[in-house]
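Asks: Residue-level listing of the chains:
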Amino acid sequence: MLLAAANVDSESLEVVIATLDDERKKNVRETQQTLTRFTTSITQRGSANLMAMDEAEWQRLVDEAEAGR
Amino acid sequence: MALSKLLQIMGLLYRMETSDVVQLEAQILEREKVAWRLVLSEQAAKYRCTRLPTDPRKSDLTELKRMAHQDAVSIAQTWNNDVERQLQRLYDMNHRGNRSYYISNMEAWARARAVWKDAQIALQTEHATRYYTRLRFFQMNTIRPHFKLVGPPPVCSLCIEQFAAGIVDYQHVVKFATPLHINCPHEWAEAVVDIIPCDELWLGE
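Protein chains in written order, with our numbering: chain R, 1 to 69; chain X, 70 to 274.
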């Protein structure tokens, strides 16, 4: 009975968020943006540090990994 | 198989450190405070009360900080594991990949991951904060101990079971914390809204 009335997608992430009332939706979206800004900064920091690595050192690590396979 | 030094070093570069967890925890706590205020305003409106809720203090602030810390630690652990797996995947696809190869692919991967993962965490954090705040509201206002699960018609066995439980008591609400599972759209609400004078309604310490 309950299943017959249910939307099978009602527990999918986007549907759950879309059906929240406006204030809750805004809070969830802002939290999502906060998290995304955070992980983006972690990724960019990693990339910047990787780019700053000495090329000779990088090649040595690649060669070493290849030799160890 | 042991990770090569190459993958170990890249893993260290892209991982979240303890200082990142501290920073993340502070940001999550601010979002929890927003959810706290929203829930108490909603509850106040249900009791026809227009008083503004107070910010979480004392034991409530301690509990929200604990929840934020737990979330931040869990987010960092999952991120670090996912980073390690993704770097291994990239290495397996191209053993001689240069740094641009790793940088562009790690950034694309992080963008794609954020679309669903951050939404999922945000929903989970909001829902867990709502549960805690509502529980505190029920507890502090000595609400008549009758509750029911509310939200869209259930589609999974966990939610169907709790809907079928009908009117339940406070201990049941404590035992079956919402969200009942990831992406659960349901929460406990009072089965009957008592009459409590606005000036007697607890809306934070």
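It is worth saying that the hints were derived from the structure and are not from the lab.
The model shown is predicted, which means the values in this text are computed figures rather than measured ones.
Errors might be hidden in some of the hints.
Stated by the list, open to error - Restraint ranges, calculated between C-beta atoms of paired labels, are given here:
(1) X:Val142 with R:Ser12: 43 to 51 Å
(2) R:Met53 with X:Ile251: 36 to 44 Å
(3) R:Met53 with X:Arg135: 35 to 43 Å
Stated by the list, open to error - Residues from chain X that face chain R, not an exhaustive set, calculated with beta carbons under 7 Å:
(4) Val243
(5) Ala246
(6) Leu249
(7) Asn252
We treat Cβ as the ideally placed atom computed from N, Cα and C, and that holds for glycine.
Asks: So which hints don't hold here, by number, going up?
Replies: 1, 4, 5, 6
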